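First to last, the sequence lines map onto chains X and G.
Numbering of the first sequence is given in our numbering, commencing with residue 1 and proceeding in unit increments.
Numbering of the second sequence is given in our numbering, commencing with residue 1 and proceeding in unit increments.
Read the hints as simulated data drawn from the structure, not as lab findings.
Hints may contain errors.
[Unchecked claim] Listed next, the in silico DSS-like pairs over lysine-lysine satisfying Cα-Cα at most 25 Å (straight line):
id : chain 1 : residue 1 : chain 2 : residue 2
1  : G       : Lys229    : X       : Lys308
2  : X       : Lys229    : G       : Lys254
3  : G       : Lys137    : G       : Lys2
4  : G       : Lys218    : G       : Lys254
5  : G       : Lys349    : G       : Lys384
6  : X       : Lys323    : X       : Lys229
Here the structure is a predicted model, which means the values were calculated and not measured.
2 protein chains.
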Amino acid sequence: MKALRPERVVLVGSSTMTEEIGMTHPDLFRGIQENMAGFKGTVRVVDIDDPTPIEGDLAVIALPPDESLTWAGKCGEAGVSAIIQITGGFTAVQRATYNGHIERYGFRLLGPNSIMGYLDTGIGLITAFNEGIAPAKGPSSFIVQSGGVGAAVLDTAISEGCGISRFAFVGDKIDIDDEDLLMDLLEDPETKAIGMYVEGVKDGRSFVETASKVSAVKPIVALKGGISKEGARRARSHTASVSGSDDIFDIALKEAGIIRVPSIQSLIHTSVALANQPPLEGRRIAIVSNVGGPAILGADAVVRAGLKMARPVEETVEQVTSKYPGVEMINPIDLIADADGERYKHVLKAVLADETVDGVIVINQMKSCFFSPGDVDGILEALKGSSKPVVDVIPGGTDFRTLRGRFIEAGIPAYTDPSHAVEALEALHSYSLVLKGEYA
Amino acid sequence: MKALRPERVVLVGSSTMTEEIGMTHPDLFRGIQENMAGFKGTVRVVDIDDPTPIEGDLAVIALPPDESLTWAGKCGEAGVSAIIQITGGFTAVQRATYNGHIERYGFRLLGPNSIMGYLDTGIGLITAFNEGIAPAKGPSSFIVQSGGVGAAVLDTAISEGCGISRFAFVGDKIDIDDEDLLMDLLEDPETKAIGMYVEGVKDGRSFVETASKVSAVKPIVALKGGISKEGARRARSHTASVSGSDDIFDIALKEAGIIRVPSIQSLIHTSVALANQPPLEGRRIAIVSNVGGPAILGADAVVRAGLKMARPVEETVEQVTSKYPGVEMINPIDLIADADGERYKHVLKAVLADETVDGVIVINQMKSCFFSPGDVDGILEALKGSSKPVVDVIPGGTDFRTLRGRFIEAGIPAYTDPSHAVEALEALHSYSLVLKGEYA
C-alpha cells in the first residue's frame with residue numbers, strides 16, 4: 001500500500017530512555033537510524049529529549065506505550081500517512097487509544113509490537129535495529145507475526161544469500177493486517193512468492209477470500225504458531241492472538257490455497273523454491289547424483305512425500321549409456337563419485353527432455369567425490385531454460401556454503417539435506433494443485 | 001579392534017593410474033597421503049608404478065579392483081593385520097577372490113567401496129582423500145555404509161565444530177561389519193554415542209543381539225537408506241545390500257535399542273545430543289526464551305513429539321517474578337527481547353531446580369533482541385553441573401554461526417530451529433526408555 005512506500009521517513013525515539021523490561025533503548029533507536037542510511041528518500045530523526053518538527057509521510061516510533069501514544073498523536077497532527085510502531089507492551093486500553101488516533105487522523109498503523117517493522121529492498125527501507133540485517137534484493141516476500149520468527153527467517157535468508165523484496169512484521173496488527181499486506185504483495189512486481197508466520201487472524205472468512213485471490217497468482221506458504229494449547233496460551237500473551245482449533249485452521253488454509261509447513265526451516269526452504277521455480281505439474285521425480293547414499297535417501301523421501309520416482313524412457317537411457325556406459329540408468333541415477341560438469345550436463349539434458357520426468361533433484365557432493373566448484377557450470381548450463389522445476393542438494397556443511405551461492409544466483413534453490421529438496425518439490429507440486437483448483 | 005589401531009600404515013596406490021569411471025585417481029592417492037600427515041605412527045607410501053617394500057600393520061589400497069586384489073595379496077604376504085579397501089566396483093567374483101585372500105592371510109578388511117576409509121582422531125588416522133576433512137576430537141562416533149552420507153555427516157560435524165572420536169566407512173562390508181565396529185566403539189573410552197547409516201545388515205538376528213549389548217551402555221541412533229522400493233533397488237547396486245521390509249527393520253531396531261531417525265540432518269542433531277547430554281528421564285519440558293514466536297513453535301513441537309510442557313511450581317514462579325516481575329511465568333517462558341545473561345541465569349537456575357521439569361530448551365536469539373555473545377556466559381553458568389538435559393536454539397543463520405561454538409564447547413548441543421531441539425530431546429527421552437528396557 002502507498003502508505004508503506006514513503007518518500008520521507010521520520011524516526012521518533014529517545015537517545016536516553018530505557019524501559020525496565022521492554023524494547024525501548026537508545027541502542028534500538030540508534031540501530032534503526034543506521035539501517036535507514038540506504039533509504040532512497042529523506043530521513044528525519046526526532047529525538048523526544050530534544051525534539052525537532054515532525055516532517056514525513058511515514059513515522060517509525062520506538063518508545064514505551066504511553067510516550068508512543070503521545071507522539072503518535074503528534075505524528076497524526078503533522079499529517080503522516082502511516083506509523084510503524086516498533087515497540088510493544090500495550091494494554092487493551094492503550095490499544096483502544098491508538099485506534100482512536102487512527103480514526104481521528106486517518107493514518108495506517110503497522111504494529112504495535114512490530115519489533116523489526118518493515119523492509120522494502122526496492123526503496124532501501126529498513127526499520128529493523130540490529131546490525132547486518134540488510135538482505136539482498138530478490139523474489140521472496142514475508143509477512144510475519146513475530147519479531148523472533150521473522151528475524152530468524154531474515155537472518156537465514158541473509159546467511160544463505162536468498163533475496164527478499166518486502167518483509168513485514170505485523171506484530172499485534174490492530175490496523176494493517178495480513179490481508180492488506182497480501183493484496184500489497186499481489187501488486188508488487190518483484191514478489192514471486194509469499195511466506196507467512198501466523199499466530200491468529202481476525203476474520204477467518206475474509207482472510208480466506210483475500211488469500212485465495214492472491215494464491216491464484218502467487219504462491220503463499222504459511223507456518224502457524226500456537227497449535228498446541230500451551231503454544232496457543234503463549235500466543236495470546238505474545239501477540240494477543242486467539243486461534244481456533246488447528247483442524248479448522250488447516251482446512252481454512254487449504255481453501256485459501258495456502259501451503260502449510262511445520263517449521264521455520266521449512267518456511268524458508270519452500271518459500272525460496274516457490275519464488276524461483278515453476279510449479280511441479282506431475283509427481284514423477286528424477287534424481288541425478290554423484291553419491292549413492294544421499295540419492296537413496298532422496299528416493300526414500302520422494303516416495304514418503306507421495307511423489308513418485310520417474311522411470312526414464314528407453315531413449316533417455318540410450319542417450320546416457322551410449323556416452324557413459326558405466327552409468328547404470330536406475331533412478332536415482334548414480335553418476336559415480338568422479339562425475340564432472342560435463343557428465344552432469346549430458347545426463348541432465350537427457351533427463352530434462354524426458355517426458356516421463358516432471359521434476360529433478362540434482363545432488364552434487366564435494367567430499368567423498370571429485371566434484372569441484374567449476375563443475376557447477378556444466379549443471380547450470382543443462383538447467384538453463386528448463387520449464388521443469390529443479391532443486392539442488394549439496395550434502396554437508398562447509399561444502400554447502402562453498403557452492404550454494406552459484407545455484408542461488410541462477411535461481412536454483414540449494415539445500416544441504418535431500419529431505420529438504422523433497423519438501424521443496426512437494427510445495428511446488430501443491431502449488432500446481434492450487435492453480436488447478438485441486439488443492440482444497 | 002586392534003587391527004584398526006595400527007602403528008605403521010602403508011598406503012598403496014598409483015601416481016599415474018586413472019579409471020574411466022571409478023575412484024582410482026592420482027589426486028585421491030595424493031589426498032590420502034596429505035591427510036595422513038598427522039598420524040601418530042609411521043606412514044609408508046607404496047606407489048605401484050615404482051614400488052618399495054610393504055612394511056606396515058595396516059594397508060590402505062586405492063586401486064582398480066584387479067590391481068587391488070593383486071596388491072592385497074602382496075600385503076597379505078607382507079603380514080599386514082588389516083586392509084582398508086578405499087575403491088569399489090568389485091564384481092561378485094572379485095569379492096570372492098578378496099575373501100580367499102582374507103582366509104589365506106588372516107587380515108581384516110574394511111570395504112571394498114569404503115571410499116573414505118577410517119578416521120580415529122585419537123591417533124590421527126585419516127584415510128579420507130578430500131581437503132579439510134579432519135574433525136576435532138570429540139565424543140561422537142559413526143559407522144556408515146555410504147561414502148556420500150558419511151562425508152556429509154563429517155563435513156557438517158567439521159562445519160559445526162562437533163567433535164568425533166572414530167568414523168568408519170564400511171562400504172560393501174565383506175569382512176568387517178557393523179557388529180565388529182559396534183563392539184569396538186563399546187570399548188572406546190572417548191565414544192559417548194554412536195550414529196549409523198545402514199542400507200542393510202547381513203544377519204539381522206545377530207546384529208540385534210550385538211547392538212542390544214552396546215545400546216545398554218552407549219546410545220545408538222540410526223538412519224536407514226533404501227526404505228522405498230526405488231531406494232532399495234539402488235542400494236542393491238550401491239553397496240550390494242538386500243534389506244527386508246521396512247516394518248521388520250523398524251521392529252528390529254527397536255528391539256536392539258537403536259533410536260531411528262529420518263534424515264542426515266536428524267542423524268547429526270540427535271547424535272550430538274546423545275553424546276553430550278544425559279538421558280531425558282521424564283517428558284516435562286521447560287522452554288526459556290528471549291523471543292515469543294520461536295518459543296511458541298518450540299512448545300508446538302514438544303507437544304507434537306509426545307513430550308509435555310512442564311508447569312513450574314509456585315516456588316519457581318515466585319523466585320522468578322520476585323526479581324523480574326515483568327516476566328510472565330507461563331511455559332514457554334518469555335524473558336522478553338532485552339533479556340541479558342543475568343536474567344537467563346536467574347531464571348534457568350530456578351527452572352532447573354524445579355522438580356516438575358525434566359529437560360530444558362534454551363532459546364537465545366540475537367536479531368530482534370538485545371542478546372550479545374557475552375550473554376552466553378550467564379546461560380552456561382546456570383547450566384554448569386545440571387543433571388537434566390539441556391539443548392540450545394539460536395534461531396537464524398549468521399547468528400547461529402556466531403554463537404554455537406560457545407555452546408558446543410560447553411557440551412550443550414545448539415540448533416538453529418526449535419524443531420531440531422525437540423528432535424534432540426525426543427532422542428534423549430527414547431534413550432532413557434532404552435536404559436529402562438521400555439523402548440521396544
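Right, here's what the structure says about each hint:
Proposed proximity of lysine 229 of chain G and lysine 308 of chain X is supported: the alpha carbons are some 11 Å apart, at most 25 Å. Taking the CA atoms of lysine 229 of chain X and lysine 254 of chain G, the gap is near 31 Å; set against the 25 Å cutoff, the hint is violated. Note on lysine 137 of chain G and lysine 2 of chain G: the hinted pairing holds, with a Cα-Cα distance of about 20 Å set against a maximum of 25 Å. For the given pair, lysine 218 of chain G sits about 15 Å from lysine 254 of chain G by alpha-carbon distance, which is consistent with the 25 Å threshold.
This hinted pair checks out: lysine 349 of chain G and lysine 384 of chain G have alpha carbons roughly 10 Å apart, not beyond 25 Å. Taking the CA atoms of lysine 323 of chain X and lysine 229 of chain X, the gap is near 59 Å; set against the 25 Å cutoff, the hint is violated.
In the structure shown, a violation is registered for the earlier hints numbered 2, 6, in ascending order.
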